[in-house]
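Trainee: In order, the protein sequence lines correspond to chains R and G.
Heads up: take any position in the first sequence, counting from 1, add 4, and you land on our numbering.
The letter at position 341 of the second sequence is residue 327 when you use our numbering, and the numbering goes up by one with no holes.
Just to be clear, a hint being listed does not mean it is correct.
[Said to hold, decoys possible] Under the rule of at most 27 angstroms between Cα atoms (straight-line distance), these lysine-lysine pairs were calculated in the DSSO-like manner:
no. : chain 1 : residue 1 : chain 2 : residue 2
1   : R       : Lys272    : R       : Lys19
2   : G       : Lys288    : R       : Lys17
3   : G       : Lys195    : R       : Lys272
4   : G       : Lys200    : R       : Lys272
5   : G       : Lys200    : G       : Lys340
[As the list claims (entries may be wrong)] To list a few chain R residues with every Cβ distance to chain G over 12 angstroms, as calculated:
no. : residue
6   : Gly20
7   : Leu21
8   : Leu23
9   : Leu35
10  : Glu51
11  : Ser100
12  : Ile102
13  : Ile123
14  : Ile159
15  : Val181
16  : Thr250
17  : Pro270
Rather than coming from a laboratory, the hints here were simulated on the basis of the structure.
It should be emphasised that the depicted structure is a prediction, and the values quoted were computed from it without experimental measurement.
The beta carbon of each residue, even a glycine, is placed where N, CA and C say it ideally should be.
The residues making up each chain are set out below.
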Amino acid sequence: MAQPQILNRLINKIKGLTLNVLSGTGQLESLIKDFPSSPFPQFQATERPDQAISSLIRGKFLIILDGTPVVLSAPVSFFDFFQKPDDLNFNWLFKSFIRLLRLLAMGLAVFLPALYVAIISYHFYIIPVNFLIPLAESRARVPFPPIIEVLFLEIVIELLREAASRLASHLGATIGVMAGVLLGVAGLSTGVISGSLVIVSMSTLIASLVLPCSDLGLSTRILKFSAIIFAAVFGVLGLVVTAAVTFAHLITLESLGQPYFQPLIPFKLGKNLQKRGGNDGKPTSDHC
Amino acid sequence: MENRHQITAKQLGIFILSSQVGLGVIGLYPALPKTVGHDGWIAILGAGVLSSISIAIIIALLRRYGEQSIFEINRYLFGNFFGQTVNLLLLLYLSFLMIAAFRYFTEFIKLFTLETTPELILALLIIVPTAYLSWYGLKPVARFSTIIFFILFCIVLLSFSTISRARLTFLLPVGAADPTALLKSIALAFLSFIGLELTVFLYPYVSDKHNVLKSVITANLCTIGFTLIVFLITTGLFGENLLKTQVAPLFNLSRYCRAPYFGRVDLFFILLWFPLLEGTFRSYFFTTYDCMRRFFPCKNQKILFSLYLVLTIFFSRLPKDFSQASQLAQIVNILGFAVIVFLVLCYLLSLINKRGVKSR
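Chain R extracted, bound-state conformation (with noise of 0.2 angstroms):
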């Protein structure tokens, strides 16, 4: 089911190192991705066994690393960050919904901040006039234009996620809630941040929080910081040109010399009946 030309690829790119070093995967992934410099990951890594041997049952090679309890599995597509082993154990039909929840969270995370900037700023015609009226009224309180409250809030909650994954499990979460809710209830009392914003970082938060694979998670950040800045200059331009961008990326990105966006572009219709199954998955392309 594996091709033995993306493994001669593989055996390659890792006999090329020459390293005295190598403390994880993290690091080995750095060193022999095909796109270096991608925010996007190109290489799974899991700790779990059922995990490991679904990528070796749809004919994906995997890395192991002698001391390292991270496995990493390539070629990967983009879509395969939106799965999770536990998603065999559903109904197709339930499995493809939470798929398609998961591509709809990475969207939200990734551009909902940015759009409410873009529209607030820029582009408030939209906005039907019985929900204008409250919307200005809760910004009227806030001294800063939107871009500012927009990167304050998500500033502030970049930090907290990363001081609650520092802290003990039991702790990072009554840390996390109880820090969040203080710092809702003060910035809307004082005027720092309005009531809408809230909405939106919430449910950026919570969608960001959808995604089963924290390299994408990273990913999604980032984006959404770039986002943000692009919609504040240039409006929803700054969010099309942004979104192209990422667009472009993702198909010009390669693992292995597999196309990253594939089964979508190109666009193979037998693979995405096959996935549908489980079992399938041959890392099979033409380089189309």
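Fit chain G to the known structure of chain R by using the hints.
Mentor: Just chain G now, with coordinates in the frame of chain R:
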């Protein structure tokens, strides 16, 4: 990325479709209603048939020479010196069209989204996705063009959502236009099919050449269908008199659309317009760069590409305003028509001068 220029015939078809519909549909207005009024759809159909015949002839020409592009074919047909001169003229045509498309694209973005932003800043912004894709080769450019189907689907959906407000009487009586004007308008409507000539430059990159005819003809049929739908619906909605005064009826169509819970929905369609308009520019930008690369071989591709990028932005700034940009686009469209006629003549010439023709 291995074989970063190799594409399939299907991808070439999508690439051609993308290059045709972007500025082609906009370029059609308001010239067509001014010449033949509401009978413009007959002109579109006529031009569609004519363009399909041109495609068949052009691909027949390419097939006679196997793996060669028009640059090699011209050298066989006209000899080394004259062949290279013709090639240089073709390269100039591509550059001219690409620059006109870019300027037109920038002007539209300025007119409909950011009126106060300096055009140079807009130009620098909107060239980014195209430049990024073109640097990585034809394959990503062709892959990116696939989104044209989603955009066309959304625009057709928008058009049909306004159909209830269209009047059939605006399209009647059929055939009211003067036959001479109708013939003239076929040439005018042919301009929205400009883009098909890119086949002759990219043909060597196609892996399954036997499918090229089918794919490019299918792409052309899609363009005919899309242009017809847009023309019929906008004429039915605005009427020919109002249509003559509009710069971009497709933009105005979105203002007719009403959606619950939104003040205005035209913003969503502006989002769709960006990749659609960019399609024409992207196709010509890549093809011009690729031809330039082949024409003037340079070891350092980074320098050549950077220079090309800077020159594109510089030359696109030369027209003073929107009206000059429109005039430039009209001249370029006529040149496109002339290039297609030239390619048909090349086929006829290849029947006489058989140098370089592959035996079957």
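Trainee: Now tell me if each hint is right for this structure.
Mentor: Now for the hints, and whether the structure bears them out:
1. Lys272/R to Lys19/R: Distance of about 33 angstroms is beyond 27 angstroms: violated.
2. Lys288/G to Lys17/R: Given that 27 angstroms is the threshold and the Cα spacing comes to 25 angstroms, the pair holds.
3. Lys195/G to Lys272/R: Within the cut-off at roughly 20 angstroms; holds.
4. Lys200/G to Lys272/R: holds (20 angstroms)
5. Lys200/G to Lys340/G: OK: Lys200/G and Lys340/G at ~26 angstroms, within 27 angstroms.
6. Gly20: holds (17 angstroms)
7. Leu21: holds (21 angstroms)
8. Leu23: holds (25 angstroms)
9. Leu35: Consistent with the label, Leu35/R stays out of reach of chain G, its closest Cβ about 19 angstroms off (over 12 angstroms).
10. Glu51: For Glu51/R, whose nearest Cβ neighbour in chain G is about 31 angstroms away, the distance exceeds 12 angstroms, so it holds.
11. Ser100: holds (19 angstroms)
12. Ile102: holds (23 angstroms)
13. Ile123: Answer for Ile123/R: violated, closest chain G Cβ roughly 8 angstroms.
14. Ile159: holds (25 angstroms)
15. Val181: Nearest chain G Cβ is 32 angstroms from Val181/R, so the label holds.
16. Thr250: At roughly 9 angstroms from the nearest Cβ of chain G, Thr250/R sits no farther out than 12 angstroms, so the non-interface label is violated.
17. Pro270: The claim breaks: Pro270/R does not keep its Cβ more than 12 angstroms from every Cβ of chain G (closest is about 7 angstroms).
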